[in-house]
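Both chains come to you apart, so use the hints to assemble them.
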Amino acid sequence: MPEITFREAINQALAEEMERDDSIFIVGEEVAKYQGAYKVTQGLLQRFGEDRVIDAPISESGFTGVGVGAAMVGLRPIVEVMTFNFSLVAIDQIINNAAKMRHMSGGQLKVPMVIRGPNGPAHQLAATHSQALESIFAHIPGLKVVVPGTPKDAKGLLKSAIRDDNPVIFMESEVMYGLKGEVPEGEYTIPLGKTDVKRKGKDITIVAYGKMVSLVLQAAGTLASEGIEAEVVDPMTLRPLDDGPIVESVKKTNRCVVVSEAWPFASVASEIGYRVSSKAFDYLDAPVELVTAEDVPMPYNKTLEHNALPTLEKVLNAAHSVLYKK
Amino acid sequence: MSDYAIETNKSDGFLKEEYLSLGRARLVEMYRTMVLIRRFEEAAAKAYSMQKIGGFLHLYIGQEAVAVGAVAALRDDDYLITAYRDHGHAIARGTDPKKLMAELFGKYTGSSKGKGGSMHFFDAQRNMLGGHAIVGAQVPLGTGIAFKAKYRKEDRVCLTFLGDAAMNQGAFHEALNLAALWKLPVVYIVENNMYGMGTAVDRASAVTELHKRGCAYGIEGMVADGMNVFAVYDAVKEAARKARELSLPTLLEVRTYRYRGHSMSDPDSIYRTKQEVEEEKQRDPIEQMKKFLLGGKIATQKEIDTVEEDVKKIVAECVEFAEKSPEPPLESMYDDIYV
Numbered sequence: 001m002p003e004i005t006f007r008e009a010i011n012q013a014l015a016e017e018m019e020r021d022d023s024i025f026i027v028g029e030e031v032a033k034y035q036g037a038y039k040v041t042q043g044l045l046q047r048f049g050e051d052r053v054i055d056a057p058i059s060e061s062g063f064t065g066v067g068v069g070a071a072m073v074g075l076r077p078i079v080e081v082m083t084f085n086f087s088l089v090a091i092d093q094i095i096n097n098a099a100k101m102r103h104m105s106g107g108q109l110k111v112p113m114v115i116r117g118p119n120g121p122a123h124q125l126a127a128t129h130s131q132a133l134e135s136i137f138a139h140i141p142g143l144k145v146v147v148p149g150t151p152k153d154a155k156g157l158l159k160s161a162i163r164d165d166n167p168v169i170f171m172e173s174e175v176m177y178g179l180k181g182e183v184p185e186g187e188y189t190i191p192l193g194k195t196d197v198k199r200k201g202k203d204i205t206i207v208a209y210g211k212m213v214s215l216v217l218q219a220a221g222t223l224a225s226e227g228i229e230a231e232v233v234d235p236m237t238l239r240p241l242d243d244g245p246i247v248e249s250v251k252k253t254n255r256c257v258v259v260s261e262a263w264p265f266a267s268v269a270s271e272i273g274y275r276v277s278s279k280a281f282d283y284l285d286a287p288v289e290l291v292t293a294e295d296v297p298m299p300y301n302k303t304l305e306h307n308a309l310p311t312l313e314k315v316l317n318a319a320h321s322v323l324y325k326k
Numbered sequence: 001m002s003d004y005a006i007e008t009n010k011s012d013g014f015l016k017e018e019y020l021s022l023g024r025a026r027l028v029e030m031y032r033t034m035v036l037i038r039r040f041e042e043a044a045a046k047a048y049s050m051q052k053i054g055g056f057l058h059l060y061i062g063q064e065a066v067a068v069g070a071v072a073a074l075r076d077d078d079y080l081i082t083a084y085r086d087h088g089h090a091i092a093r094g095t096d097p098k099k100l101m102a103e104l105f106g107k108y109t110g111s112s113k114g115k116g117g118s119m120h121f122f123d124a125q126r127n128m129l130g131g132h133a134i135v136g137a138q139v140p141l142g143t144g145i146a147f148k149a150k151y152r153k154e155d156r157v158c159l160t161f162l163g164d165a166a167m168n169q170g171a172f173h174e175a176l177n178l179a180a181l182w183k184l185p186v187v188y189i190v191e192n193n194m195y196g197m198g199t200a201v202d203r204a205s206a207v208t209e210l211h212k213r214g215c216a217y218g219i220e221g222m223v224a225d226g227m228n229v230f231a232v233y234d235a236v237k238e239a240a241r242k243a244r245e246l247s248l249p250t251l252l253e254v255r256t257y258r259y260r261g262h263s264m265s266d267p268d269s270i271y272r273t274k275q276e277v278e279e280e281k282q283r284d285p286i287e288q289m290k291k292f293l294l295g296g297k298i299a300t301q302k303e304i305d306t307v308e309e310d311v312k313k314i315v316a317e318c319v320e321f322a323e324k325s326p327e328p329p330l331e332s333m334y335d336d337i338y339v
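For the protein sequence lines, the chains are A and B, in the order given. Using my numbering, the first residue of the first sequence is number 1, and each one after it goes up by one. Using my numbering, the first residue of the second sequence is number 1, and each one after it goes up by one.
Here chain B stands alone, though its shape is the one from the complex (with noise of 0.2 Å):
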């Protein structure tokens, strides 16, 4: 650990009592958040497949603990940012799954009206602005989010996601400076999952624990595991809590793991093994959460597969909704350009 990194998590902490202190029935809605992203992704993935959705498609499989974990460390007034795998974000802070599969669908019950598509998930009524898909070109955005609550000495922060591969991009780097020479309420989560498309971050950054790379503009570095939904949520509470109180910028990064290629195109057995991505999925989230709530009686059976249930209700519905929505009206291609 370097001097500007603090050790906030270890795995022993995941059955540690307070998170008790969340609640039951809290508990027990994180886990069906991070069903729900997976389920939803997997539809989406089968509708993509018979073309039903097109474009581009980044599935955030394996992610899941990190927004569901991040943002349950929010307030519901804190702005969020992200980047173009943007799907788990926005579903973790309760925008309608409907209109978010519509818009994959392109249509114009969709969260931007068939616009924007899978990289461009927004719901400014919930604090979630997007949805971002020039990498690294978030990061200054969320650093100006973060300078408004400043500017209307609001104790609101800015929770800015982030890949691991943005942090080659300069817009990266002139935000973290702006960020701390104007002590701005800014926590920037790096969700490393390893690989940038097909480039391993060994490959990519000459400094590998990416943690440490704020520490040229003197910003606190943080690490968590990434698969531990625990973890990601006393970490992002952690530095929330800094930039609420103290207005001071972190760099939190997150050890994750997508289990999917990058985009649906992507043959990911050229850059990376099988055996690499069947022994991340040992550490999968979702079972991990699974056995801590069964194990804490926190949930009983019953109840864990009555949220699987219900998901895979949702998610049908979902799709239905997406399906029988109807097509943007040609007319509609000059809405929404100008104010």
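Just chain A, same shape as in the assembly (with noise of 0.2 Å):
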């Protein structure tokens, strides 16, 4: 298989769209003279004209609200916030617009779009645009939320992303556009909210998504050294969550930890936590721990923004403690 970055995936994914499907247009910020804020829509706008991508001046409101609009009648558009910080500037598009109008209208119209761009933290860029924002959307029936970990993920999920007929939240991360991994060549998708395992293990189960995969997955690497085989369980759909992967690794394991960069108050962490304890009651050796963001504002101090976020020692230390270890 070729080895591809994340950017890249995503690119693919938006192009073997768009050719197969006249009615996905994608339009916001920078998208198309500037080639994307984050290089994700290059070459887009040379092949498919300015018709279907199309720069929004900036009025994030305005341009997902024009989403939501022409997905009720039936286009099918992709709207890119240059981050998800951002979309709070359309948060009444996407909850009571995107996320309401099929119940509110009695099943009689539906949003076929997806939202997508950057979430969570990058680098020292501080409290308004580092902040990891899924579990806000998690919690509002009506949307599905999407947050892939590998660049095989992203391409596939964002396929599916863009023929489901909901409106879809496609997080990204800035510091992942550059990571490489390996991407079957020619057409897959892969489904929405479905779990994956991402590495096999029977000691401890450790779930994580987005950008938090690639860390406990060199956690569980560190752990193996230490003879503790850790299963990482990747949820890829936040919404709706397919937890009986999650479940059934915990009752083989006895342990679960719950790594995300968002804040821990009402998260989706919590959420996960939530469920494994009342449905994995029986099966546990440990209370849940779970490792997130600090519940403070990102502080744009290097050091402290590092201590901030989940780290290696942080989550090698929630595995050792739910394994009574040291």
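Hints in this document: simulated from the structure, not taken from any laboratory. In this text, all values refer to a predicted model and were calculated from it rather than measured experimentally. Any given hint might turn out to be false.
With a cut-off of at most 25 Å between alpha-carbon atoms, the simulated BS3-like pairs for lysine-lysine come out as follows [stated by the list, open to error]: (1) B:Lys-183 / A:Lys-33; (2) A:Lys-33 / B:Lys-153; (3) A:Lys-251 / A:Lys-194.
So this is what it looks like as structure tokens:
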């Protein structure tokens, strides 16, 4: 299999789907002439023309709402937010219009659209530009939320998200765009709402998604050198959450750590922790541990920033804790 | 008038010969629809007072000429989207009023199966795309619907209704900029009923001639008398033509008045006088239309009376249908959230 970057994987998914279906268009800031703020849409303007790859002014509420409106009458918009921090300006369009249209219309309308872009902390961008917002979107009935952790997953899941008839929040990461990984040649999709086991193991279950998958696989390598075999489980889609494989894994390992770079309060991590505690209660040999961002706005200072996020050390400590080691 | 505003309607145009070209049947039908909207809402208000309708109920009474005149100027395949004061628009578009009354009653036979209520009337089949309850949030949606028409090279337009207060929302301004920038076939029709809830236009908008507020985006403004169904018809016809033929947006302000409070719980004596309301009622759109039909010998008094009787019967049937309709089954709670 060829190795490509996360960025290239997304670009391929966009291009392949746009080739397949002319109801798809991309709108967002700097997506066309500039070739994408993070170069994810590179070459798409040249290939598909300015009617389908559209530069928008800095008006997230406006162009996200235009996307919802276009989707209501049969187009399949892909709205790129330069980062999900800016989606907060469009949150009314996403929560009140995209997510609820089908419900409010009694099933008369659907909103087949993807809102995608980078999410989560990058490097020293401080509080407004460095936050993982998936829990906010995952809270909302009517939305689907996808957070891929590898180039292969990103491509396969994005193609499914574009073909999905519901509004899908698709969250990437600035610091993952250069991440390389093997991606199958030719056409493939990965279904939404299916959890994937990224590494088999028998001693402990570590749940992670998005950027945290790489960190947790690294931690699993360290644990293996200590004779601990971690099973790494990646839900990939946070809503709807396929908790079956997570619960099955915990029933086997009896121990669970959930890793997320979002805040801990009322979060995807706490939801997974609750479901494991509830559905695998009799199998647990230790309380579920969460490794999340610290419950603070992101500081600019590099050392503070590093320590505000999940680290290899924090993941290893949590694993040791549920195994009652040290 | 500003450079961007053109005067399209003069009251002396009310009896223009060309309206007769709409045809007698069509003219009587427009009158009938206005009466239906009013009687439908009077029945809704009564049902609300009997607690058969819950939540918010925003009545359109006084503004009937706007929805009816505007819809008459559209083609059936044109799109329409509106805000939460949406009863008149759905009825004008031809939605079965039984389904609408059932929706107000929260019944399973309602247009949204009891999930939407008063503020969320939808009729996708008739291109009536809601019923949207966050002030101004439907303006980008209407713009996106027009975007689709242009993307698919269809000569359809999207008529996007909003209230005067929605013009102060950011979503409105973002949408207008995009519509002008991308030359979209959209008509923004501002129903200026003089108040956003209890706040008069001159206490909310720095510029009170609302049609002028499109000038920042190079969008032509128009103003029309919203109590005169033909004035609305003329203005929307012209704005829709520009959208259809030139793919240009228009900001059309129609000056109208709501007789009732903002919602059923609105003690409107706090912010406006009884005298003001009574004076506005002298311009009543239904009475004006009736005079036109009788004065122009388009309809006889007997026909006018028949309209009233027919509508009375229809509304009674709507209420009966709504009352007798089943509650939504509990398991329907999880329906229609995802496709």
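**Report entry** Given hint A:Lys-33 paired with B:Lys-183 - CA-CA distance at most 25 Å
**Finding:** Roughly 19 Å between the alpha carbons, so the hint for B:Lys-183 and A:Lys-33 holds.
Hint consistency between A:Lys-33 and B:Lys-153 [alpha-carbon to alpha-carbon, up to 25 Å] = The given pair, whose Cα atoms are some 23 Å apart, holds under the 25 Å limit.
- Query: Taking 25 Å as the top limit, are the C-alpha atoms of A:Lys-251 and A:Lys-194 close enough?
  - Reply: Judged against 25 Å, a Cα distance of about 18 Å means the pair holds.
When each numbered hint is compared with the structure, no violation occurs for any of them.
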